[in-house]
Amino acid sequence: MIVQELALDLDAFEGPFDLLLALVLRDEIALSDVELVEVVIAFIERLAEREDIDLEGCGEFLVLIASLLELKARGLFPDEAEELAELEPEEAAEELARRLAEYRRMKSAAAWLTDRLVAECDRYFRLGPAPLAPRPERRLAPQSADLLGAALRELATPPASVSLRHMELRFPPVSQFLDRFRSVLARRRRFDFDAEVADLPRSDQAVAFLALLELRKTGEVELEQSAPFAPIRVSRCDLADEEAVEVTAAWNVRSA
Amino acid sequence: MERPLRLVQAGPPVAQLARTVEALLVVASQPLSVADLAAAAADDADRIEEALAVVGARFAEGESGIVLEQVAGGYAFRAAREAAEACGRLFERPVERGLSQAALETLAIAAYLGPCSRPDIARVRGVAADSVVANLVERGLLAEAGRSDDAGAVQYRTTPLFERVFGLESLAALPRLDDLGGDAAEIRERLEQLSQSRGA
Amino acid sequence: MERPLRLVQAGPPVAQLARTVEALLVVASQPLSVADLAAAAADDADRIEEALAVVGARFAEGESGIVLEQVAGGYAFRAAREAAEACGRLFERPVERGLSQAALETLAIAAYLGPCSRPDIARVRGVAADSVVANLVERGLLAEAGRSDDAGAVQYRTTPLFERVFGLESLAALPRLDDLGGDAAEIRERLEQLSQSRGA
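Residue numbers (the numbering used here), protein chains in the order written: chain A, 1 to 256; chain B, 1001 to 1200; chain C, 2001 to 2200.
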């Protein structure tokens, strides 16, 4: 059994593949710390050493590595499947086993269908209508001739002129807010974005936010937000102490 | 011309070949010629003709609900005449209550403005008319009415069935549209202008 | 429950009704259920069953090139198996030609789990299902079956053509899932054994 024997030498783990699997299932090792690509490379190297091809081993390995990848993906994107991310390790293992079982059953069903197709290859039947079948006739209930006049009148009605007023929405230039925020930061080391733009119309607030992102991109400011929809704190970059950098990094991860 | 003598490979008995012909005909969605049948059965045209005679006797009117018929393209099975009523019920569709707006507009144009081509109809409605016209022809509400002199496009007119469905003795009985213009040409011009402004 | 006595209108003899059934089946483009046949023939379901027995005896494998089969929830004619080679020379098998492993797994999922969306299929198979599903819809083996209540995703089910191609009387003719390998408890046990054997 090549899959069980597979010896791994990874940064986070050293030992056989099935031990890694056991530790992951028991939540004693975090999947996010494991470079699964290294596991794949190790497997392929072992395969290359062999004379024959172990198809069964390949199949088993693929299913296991795919399951691990799925679990890892879920762990990396908790918002994508919250209910799964919240599973206890025990339940996650249960879920993994359940899915493997379901997939196995469907594979067996597909194999049954394949056999069936081979067995039925001498059954021929007509696809499509018979050459001399009667043509189905579509019948229409009696209609009012007034409908015809109404249809033409509708075609003869000039279309209502469409108002384009909403297109005239004017946005202030981003540069206006860049200048404004820079001058505020020249005076103050920190300011509260929400308070700064509170008096502006929503479209202007949107442009102001773009300016904020621009300032962050150029490294002039650091941003902090304690929670979604909480006020955004803007601080001058030269001031950012270690703590502020950390918070900003967290903010980046959340918003990435 | 004398036929050359030849050693005939026995081949399957005609009864078996007849079964093969039956099988081919029941799967086909087009009539099959003797050549088609011979190629598929890998047998002689002569023997196929013999087999067809056997099949024809088995599937004859009065004998069977399936009847072998020789048509332009070759041979095909059809339903026996005695089953015509039952087949009619099988293919009967429920009565449709109304027409789509596109169909109604197209019929109105052909009825009020006289025979017109698909490009004419498209010009007035502002959208392509090909599928709606094809559909109305298939349903017997529009029919081809020759080609226009200038462009050579096929023209379409409304049919007697159209008049029956809309309860009209003739096209002269259509409700008048004095509010839209004096005559068909005037209405047409007006509609085409509007459709252009709509498309713009 | 006792059946009420009733005056039975004689109706045509069963032999004639059998001819009508033959006629209906030879022109139909889909398998016809007893109810379909009864409605078209304007006769009782019981008598249709009797007629079907007559037709089945006449169109049996070995007897005839045309064979009556019970498939996809109804009855249909097909070619006799002995004529498969001849049919193969004339007709293609576009529906099932080159069905991939992914396609067969997708069909299995839709057949066993009932109407399911592309995300449902992707969850079971672990890979996106979009192109496989599109291909199966094009072949006529899957069809849209409305939208799911919650997410509004389009759901797909297998078609009568699927049952016909795989020669299934109905979806109930599929083997029971319990009989197919892959018990969750068993796999779970294996995983646990693996972890215990290391005892780390």
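These aren't lab readings, by the way, just hints derived from the structure by calculation. Backbone N, C-alpha and C define an ideal beta-carbon position, used for all residues, glycine too. There may be inaccurate statements among the hints.
To be verified - Derived, one-sided and incomplete: chain B residues facing chain A with beta-carbon distance under 10 Å:
hint, residue
1, Ser1033
2, Val1054
3, Arg1058
4, Cys1087
5, Ile1109
6, Ala1153
7, Val1154
8, Gln1155
9, Arg1157
10, Thr1159
11, Pro1160
12, Leu1191
To be verified - With the Cβ distance kept under 10 Å, some of the chain C side facing chain B (calculated, not the full set):
hint, residue
13, Asp2120
14, Ala2122
15, Thr2159
16, Leu2161
To be verified - A short list of chain B residues far from chain A (calculated; beta carbon distances all over 10 Å):
hint, residue
17, Ser1029
18, Arg1047
19, Ala1057
20, Gly1098
21, Glu1105
22, Ala1111
23, Pro1115
24, Asp1130
25, Ser1131
26, Arg1147
Chain A versus B/Arg1047 - minimum CB to CB distance exceeding 10 Å, so not interface:
B/Arg1047 is indeed farther than 10 Å from all Cβ atoms of chain A, at 21 Å.
Hold the hint about B/Pro1160 up to the distance rule: shortest CB distance to chain A must be less than 10 Å.
Interface hint status for B/Pro1160: violated (14 Å vs cutoff 10 Å).
Next item in the hint list is B/Arg1058. Is there a CB on chain A closer than 10 Å to its CB?
17 Å, violated
For the restraint on B/Ile1109, tell me whether the closest CB of chain A is nearer than 10 Å.
With Cβ-Cβ at 7 Å, under 10 Å, it holds.
Does the interface hint hold: is C/Ala2122 within less than 10 Å of chain B, judged Cβ to Cβ?
35 Å, violated
Given B/Val1054 was flagged as interface, is its beta-carbon under 10 Å from a beta-carbon of chain A?
Cβ of B/Val1054 sits 20 Å from chain A, so the hint is violated.
Compute the least Cβ-Cβ separation between B/Ser1131 and chain A, then decide whether it is above 10 Å.
Correct as stated: the minimum Cβ-Cβ distance to chain A is 15 Å, above 10 Å.
With 10 Å as the cut and Cβ atoms as the points, is C/Thr2159 at the interface with chain B?
18 Å, violated
Any CB of chain A closer than 10 Å to the CB of B/Arg1157?
At about 14 Å, which exceeds the 10 Å cut-off, the nearest Cβ of chain A leaves the hint on B/Arg1157 violated.
Tell me if B/Ala1153 is really an interface residue toward chain A, meaning its C-beta lies closer than 10 Å to one of theirs.
21 Å, violated
Taking the closest pair, is the beta carbon of B/Gly1098 still more than 10 Å from chain A?
7 Å, violated
Does B/Ser1033 pass the interface hint, meaning its C-beta sits closer than 10 Å to a C-beta of chain A?
Violated, because the Cβ-Cβ distance from B/Ser1033 to chain A comes to roughly 12 Å (cut-off 10 Å).
Hints 1, 2, 3, 6, 7, 8, 9, 10, 11, 13, 14, 15, 16, 17, 20, 21, 22, counting from the list given before, are not met by this structure.
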